[in-house]
Amino acid sequence: MPIKQQNGFLRQTVLVLAALVFVSACISPRKTDKWVANHYGSVPAPVKKKNELVTVQSTVASMGSVLSESRRKSASLLPLLVYWKWNYVNACKLNPQMALNGFTTTVNSYAARVLKPKLSNQSIVLTVEKIPSAFDLDDTGHYIFFGIYGFGWETVTLVPQEHALQVSYQVLNADQSIAKTGTVTMPISIEPVKAKLYQSVKKKMELYLEQYDAAMLQMGRKLIDKLATEL
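Counting along the sequence shown from 1, when you hit position 153 you're at 153 in UniProt numbering, and nothing is skipped either side.
Think of the hints as simulated: they come from the structure by calculation, not from any bench.
Keep in mind the model is a prediction, meaning the values are calculated, not measured.
Warning: the hint list may mix true and false statements.
[Claimed, not checked] Straight-line alpha carbon distances no greater than 25 angstroms define the calculated BS3-like cross-link-like pairs of lysine-lysine that follow:
{"#": "1", "residue 1": "85", "residue 2": "31"}
{"#": "2", "residue 1": "204", "residue 2": "31"}
{"#": "3", "residue 1": "48", "residue 2": "130"}
{"#": "4", "residue 1": "48", "residue 2": "222"}
{"#": "5", "residue 1": "118", "residue 2": "222"}
{"#": "6", "residue 1": "222", "residue 2": "130"}
{"#": "7", "residue 1": "196", "residue 2": "31"}
{"#": "8", "residue 1": "34", "residue 2": "73"}
{"#": "9", "residue 1": "31", "residue 2": "194"}
{"#": "10", "residue 1": "93", "residue 2": "73"}
{"#": "11", "residue 1": "194", "residue 2": "85"}
{"#": "12", "residue 1": "34", "residue 2": "203"}
{"#": "13", "residue 1": "93", "residue 2": "222"}
{"#": "14", "residue 1": "48", "residue 2": "118"}
{"#": "15", "residue 1": "202", "residue 2": "34"}
{"#": "16", "residue 1": "73", "residue 2": "31"}
{"#": "17", "residue 1": "203", "residue 2": "93"}
{"#": "18", "residue 1": "130", "residue 2": "93"}
{"#": "19", "residue 1": "31", "residue 2": "203"}
{"#": "20", "residue 1": "73", "residue 2": "202"}
{"#": "21", "residue 1": "196", "residue 2": "73"}
{"#": "22", "residue 1": "204", "residue 2": "194"}
{"#": "23", "residue 1": "73", "residue 2": "204"}
{"#": "24", "residue 1": "34", "residue 2": "194"}
{"#": "25", "residue 1": "116", "residue 2": "180"}
{"#": "26", "residue 1": "48", "residue 2": "116"}
{"#": "27", "residue 1": "73", "residue 2": "203"}
{"#": "28", "residue 1": "85", "residue 2": "73"}
I would like the entire structure built from these sequences, with the hints used as guidance.
Shown next, in the form of C-alpha coordinates:
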(Lines of atoms letter the chains of each structure in order from A; the text may use other names.)
(Lines give C-alpha, C1' and ligand atoms only; values in the text may rest on other atoms or scores of the structure.)
Protein backbone atom coordinates (compact mmCIF):
# COMPACT_ATOMS: atom_id res chain seq x y z
CA MET A 1 0.00 0.00 0.00
CA PRO A 2 1.45 3.43 -0.95
CA ILE A 3 2.58 5.67 1.93
CA LYS A 4 -0.14 8.22 1.21
CA GLN A 5 -2.85 5.56 1.36
CA GLN A 6 -1.33 4.11 4.53
CA ASN A 7 -1.44 7.53 6.18
CA GLY A 8 -5.03 8.00 5.08
CA PHE A 9 -6.01 4.58 6.39
CA LEU A 10 -4.24 5.25 9.69
CA ARG A 11 -5.99 8.59 10.03
CA GLN A 12 -9.39 7.02 9.38
CA THR A 13 -8.66 4.24 11.86
CA VAL A 14 -7.72 6.73 14.56
CA LEU A 15 -10.85 8.78 13.94
CA VAL A 16 -13.09 5.71 14.09
CA LEU A 17 -11.46 4.50 17.30
CA ALA A 18 -11.75 7.95 18.84
CA ALA A 19 -15.39 8.22 17.84
CA LEU A 20 -16.08 4.85 19.44
CA VAL A 21 -14.37 5.98 22.63
CA PHE A 22 -16.41 9.20 22.68
CA VAL A 23 -19.73 7.46 22.07
CA SER A 24 -19.07 4.68 24.59
CA ALA A 25 -18.06 7.20 27.25
CA CYS A 26 -21.31 9.15 27.04
CA ILE A 27 -23.82 8.70 29.84
CA SER A 28 -27.17 9.12 28.15
CA PRO A 29 -30.11 11.04 29.65
CA ARG A 30 -31.95 7.71 29.68
CA LYS A 31 -29.26 6.15 31.87
CA THR A 32 -29.36 9.18 34.17
CA ASP A 33 -33.10 8.65 34.68
CA LYS A 34 -32.50 4.93 35.26
CA TRP A 35 -30.08 5.66 38.10
CA VAL A 36 -32.63 8.03 39.67
CA ALA A 37 -35.25 5.28 39.42
CA ASN A 38 -32.86 2.82 41.09
CA HIS A 39 -32.65 5.17 44.07
CA TYR A 40 -36.31 6.12 44.50
CA GLY A 41 -38.19 3.19 42.97
CA SER A 42 -41.39 5.15 42.38
CA VAL A 43 -42.93 8.52 43.16
CA PRO A 44 -44.13 8.41 46.79
CA ALA A 45 -47.65 9.31 47.79
CA PRO A 46 -47.95 12.80 49.32
CA VAL A 47 -47.64 12.82 53.09
CA LYS A 48 -50.29 14.38 55.31
CA LYS A 49 -50.10 18.12 54.78
CA LYS A 50 -52.42 19.47 57.47
CA ASN A 51 -52.84 19.41 61.23
CA GLU A 52 -54.42 21.80 63.72
CA LEU A 53 -51.41 24.11 63.72
CA VAL A 54 -49.93 24.08 60.22
CA THR A 55 -51.06 23.41 56.66
CA VAL A 56 -48.51 22.83 53.90
CA GLN A 57 -49.48 23.36 50.27
CA SER A 58 -47.53 23.85 47.06
CA THR A 59 -47.71 25.77 43.80
CA VAL A 60 -44.73 23.86 42.35
CA ALA A 61 -45.68 22.17 39.05
CA SER A 62 -46.43 18.47 39.46
CA MET A 63 -44.67 15.82 37.37
CA GLY A 64 -47.25 13.13 38.09
CA SER A 65 -45.80 9.63 38.23
CA VAL A 66 -42.58 10.56 36.37
CA LEU A 67 -39.57 10.24 38.70
CA SER A 68 -37.23 12.41 36.65
CA GLU A 69 -36.83 14.02 33.25
CA SER A 70 -33.31 14.23 31.80
CA ARG A 71 -32.17 15.81 28.55
CA ARG A 72 -28.87 16.50 26.80
CA LYS A 73 -28.13 20.10 27.71
CA SER A 74 -24.89 20.52 25.77
CA ALA A 75 -22.14 18.55 24.03
CA SER A 76 -18.76 19.56 22.64
CA LEU A 77 -15.72 17.84 21.20
CA LEU A 78 -12.19 19.17 20.64
CA PRO A 79 -10.47 16.78 18.16
CA LEU A 80 -6.78 17.66 17.90
CA LEU A 81 -4.11 15.55 16.21
CA VAL A 82 -2.90 13.60 19.26
CA TYR A 83 -5.33 14.78 21.93
CA TRP A 84 -9.11 14.84 22.14
CA LYS A 85 -11.25 16.48 24.78
CA TRP A 86 -15.00 16.24 25.14
CA ASN A 87 -17.64 17.63 27.45
CA TYR A 88 -21.31 16.94 27.65
CA VAL A 89 -23.97 17.83 30.18
CA ASN A 90 -27.22 16.08 31.04
CA ALA A 91 -29.79 18.27 32.79
CA CYS A 92 -32.00 16.29 35.19
CA LYS A 93 -35.24 17.49 36.78
CA LEU A 94 -36.39 15.42 39.76
CA ASN A 95 -40.04 14.99 40.62
CA PRO A 96 -40.58 17.63 43.35
CA GLN A 97 -42.85 15.29 45.31
CA MET A 98 -39.83 13.63 46.95
CA ALA A 99 -38.55 16.99 48.22
CA LEU A 100 -42.03 18.14 49.25
CA ASN A 101 -42.53 14.97 51.29
CA GLY A 102 -39.25 15.44 53.12
CA PHE A 103 -40.02 19.10 53.78
CA THR A 104 -43.59 18.43 54.95
CA THR A 105 -42.61 15.55 57.23
CA THR A 106 -40.12 17.75 59.07
CA VAL A 107 -42.51 20.71 59.28
CA ASN A 108 -45.31 18.58 60.73
CA SER A 109 -43.11 17.14 63.47
CA TYR A 110 -41.07 20.25 64.31
CA ALA A 111 -43.62 23.07 64.03
CA ALA A 112 -45.65 21.95 67.05
CA ARG A 113 -42.66 22.38 69.34
CA VAL A 114 -41.28 25.61 67.87
CA LEU A 115 -44.26 27.56 66.48
CA LYS A 116 -47.07 26.66 68.87
CA PRO A 117 -45.82 29.00 71.63
CA LYS A 118 -45.60 31.79 69.03
CA LEU A 119 -49.03 31.25 67.48
CA SER A 120 -51.14 30.71 70.61
CA ASN A 121 -54.65 30.06 69.22
CA GLN A 122 -53.65 30.89 65.66
CA SER A 123 -52.66 28.57 62.80
CA ILE A 124 -50.35 28.98 59.82
CA VAL A 125 -50.58 28.07 56.13
CA LEU A 126 -47.29 27.47 54.29
CA THR A 127 -47.21 27.58 50.48
CA VAL A 128 -44.10 26.15 48.85
CA GLU A 129 -43.38 28.25 45.76
CA LYS A 130 -39.86 27.09 44.90
CA ILE A 131 -38.02 23.95 45.97
CA PRO A 132 -34.69 22.63 44.62
CA SER A 133 -35.13 19.69 42.25
CA ALA A 134 -32.65 20.09 39.37
CA PHE A 135 -29.05 19.04 38.85
CA ASP A 136 -26.58 18.61 35.99
CA LEU A 137 -24.44 15.58 35.20
CA ASP A 138 -21.28 17.14 33.77
CA ASP A 139 -18.82 14.80 32.01
CA THR A 140 -15.39 15.99 30.87
CA GLY A 141 -13.19 13.43 29.12
CA HIS A 142 -9.69 13.33 27.63
CA TYR A 143 -7.99 10.96 25.19
CA ILE A 144 -4.31 10.95 24.16
CA PHE A 145 -3.22 9.03 21.06
CA PHE A 146 -0.01 7.01 20.75
CA GLY A 147 -0.08 5.88 17.13
CA ILE A 148 -3.11 3.60 16.81
CA TYR A 149 -3.20 3.19 20.59
CA GLY A 150 -4.28 5.64 23.24
CA PHE A 151 -5.29 6.33 26.81
CA GLY A 152 -8.34 8.16 28.06
CA TRP A 153 -9.87 9.34 31.31
CA GLU A 154 -12.90 11.34 32.37
CA THR A 155 -14.39 13.13 35.35
CA VAL A 156 -18.12 13.22 36.02
CA THR A 157 -19.54 15.83 38.39
CA LEU A 158 -23.11 16.02 39.70
CA VAL A 159 -23.87 19.71 40.20
CA PRO A 160 -27.03 21.16 41.82
CA GLN A 161 -28.72 23.82 39.68
CA GLU A 162 -31.24 25.24 42.16
CA HIS A 163 -30.11 26.59 45.51
CA ALA A 164 -33.08 28.16 47.29
CA LEU A 165 -36.35 27.34 49.00
CA GLN A 166 -39.14 29.92 48.81
CA VAL A 167 -42.22 29.63 51.00
CA SER A 168 -44.99 32.16 51.56
CA TYR A 169 -47.06 32.04 54.73
CA GLN A 170 -50.36 33.23 56.19
CA VAL A 171 -51.02 33.37 59.90
CA LEU A 172 -54.74 32.82 60.55
CA ASN A 173 -56.80 33.78 63.56
CA ALA A 174 -59.32 31.39 65.07
CA ASP A 175 -62.05 32.89 62.82
CA GLN A 176 -59.81 32.28 59.75
CA SER A 177 -59.12 35.97 59.22
CA ILE A 178 -55.56 36.76 58.15
CA ALA A 179 -53.35 38.13 60.90
CA LYS A 180 -50.04 38.24 59.04
CA THR A 181 -48.47 37.30 55.72
CA GLY A 182 -44.94 37.05 54.45
CA THR A 183 -42.42 35.18 52.30
CA VAL A 184 -39.31 33.36 53.43
CA THR A 185 -36.47 32.63 50.99
CA MET A 186 -33.50 30.66 52.22
CA PRO A 187 -30.44 29.07 50.59
CA ILE A 188 -30.10 25.30 50.47
CA SER A 189 -26.64 23.76 50.62
CA ILE A 190 -26.15 20.75 48.34
CA GLU A 191 -22.52 20.00 47.50
CA PRO A 192 -21.41 18.82 44.03
CA VAL A 193 -20.34 15.17 43.92
CA LYS A 194 -17.43 14.15 41.66
CA ALA A 195 -16.61 10.73 40.20
CA LYS A 196 -12.92 10.60 39.28
CA LEU A 197 -10.94 8.02 37.32
CA TYR A 198 -11.94 4.42 38.17
CA GLN A 199 -14.78 5.58 40.45
CA SER A 200 -18.34 4.41 39.83
CA VAL A 201 -20.61 7.16 38.53
CA LYS A 202 -23.64 5.10 39.54
CA LYS A 203 -22.45 5.00 43.17
CA LYS A 204 -21.69 8.71 43.11
CA MET A 205 -25.22 9.34 41.84
CA GLU A 206 -26.54 7.39 44.84
CA LEU A 207 -24.36 9.51 47.14
CA TYR A 208 -25.62 12.75 45.56
CA LEU A 209 -29.28 11.73 45.89
CA GLU A 210 -28.77 10.68 49.52
CA GLN A 211 -27.29 14.12 50.22
CA TYR A 212 -30.22 15.74 48.39
CA ASP A 213 -32.79 13.78 50.42
CA ALA A 214 -31.08 14.77 53.68
CA ALA A 215 -31.04 18.43 52.63
CA MET A 216 -34.78 18.34 51.91
CA LEU A 217 -35.44 17.08 55.44
CA GLN A 218 -33.16 19.69 57.00
CA MET A 219 -34.68 22.61 55.13
CA GLY A 220 -38.07 22.06 56.80
CA ARG A 221 -36.43 22.46 60.20
CA LYS A 222 -34.44 25.52 59.09
CA LEU A 223 -37.55 27.16 57.68
CA ILE A 224 -39.47 26.69 60.94
CA ASP A 225 -36.54 28.17 62.89
CA LYS A 226 -36.50 31.19 60.58
CA LEU A 227 -40.28 31.62 60.81
CA ALA A 228 -40.07 31.56 64.59
CA THR A 229 -37.91 34.69 64.48
CA GLU A 230 -40.45 36.52 62.29
CA LEU A 231 -43.66 35.70 64.15
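Here is how each hint holds up against the structure:
{"no.": "1", "hint": "85 - 31", "in the structure": "holds (22 angstroms)"}
{"no.": "2", "hint": "204 - 31", "in the structure": "holds (14 angstroms)"}
{"no.": "3", "hint": "48 - 130", "in the structure": "holds (19 angstroms)"}
{"no.": "4", "hint": "48 - 222", "in the structure": "holds (20 angstroms)"}
{"no.": "5", "hint": "118 - 222", "in the structure": "holds (16 angstroms)"}
{"no.": "6", "hint": "222 - 130", "in the structure": "holds (15 angstroms)"}
{"no.": "7", "hint": "196 - 31", "in the structure": "holds (18 angstroms)"}
{"no.": "8", "hint": "34 - 73", "in the structure": "holds (17 angstroms)"}
{"no.": "9", "hint": "31 - 194", "in the structure": "holds (17 angstroms)"}
{"no.": "10", "hint": "93 - 73", "in the structure": "holds (12 angstroms)"}
{"no.": "11", "hint": "194 - 85", "in the structure": "holds (18 angstroms)"}
{"no.": "12", "hint": "34 - 203", "in the structure": "holds (13 angstroms)"}
{"no.": "13", "hint": "93 - 222", "in the structure": "holds (24 angstroms)"}
{"no.": "14", "hint": "48 - 118", "in the structure": "holds (23 angstroms)"}
{"no.": "15", "hint": "202 - 34", "in the structure": "holds (10 angstroms)"}
{"no.": "16", "hint": "73 - 31", "in the structure": "holds (15 angstroms)"}
{"no.": "17", "hint": "203 - 93", "in the structure": "holds (19 angstroms)"}
{"no.": "18", "hint": "130 - 93", "in the structure": "holds (13 angstroms)"}
{"no.": "19", "hint": "31 - 203", "in the structure": "holds (13 angstroms)"}
{"no.": "20", "hint": "73 - 202", "in the structure": "holds (20 angstroms)"}
{"no.": "21", "hint": "196 - 73", "in the structure": "holds (21 angstroms)"}
{"no.": "22", "hint": "204 - 194", "in the structure": "holds (7 angstroms)"}
{"no.": "23", "hint": "73 - 204", "in the structure": "holds (20 angstroms)"}
{"no.": "24", "hint": "34 - 194", "in the structure": "holds (19 angstroms)"}
{"no.": "25", "hint": "116 - 180", "in the structure": "holds (15 angstroms)"}
{"no.": "26", "hint": "48 - 116", "in the structure": "holds (19 angstroms)"}
{"no.": "27", "hint": "73 - 203", "in the structure": "holds (22 angstroms)"}
{"no.": "28", "hint": "85 - 73", "in the structure": "holds (18 angstroms)"}
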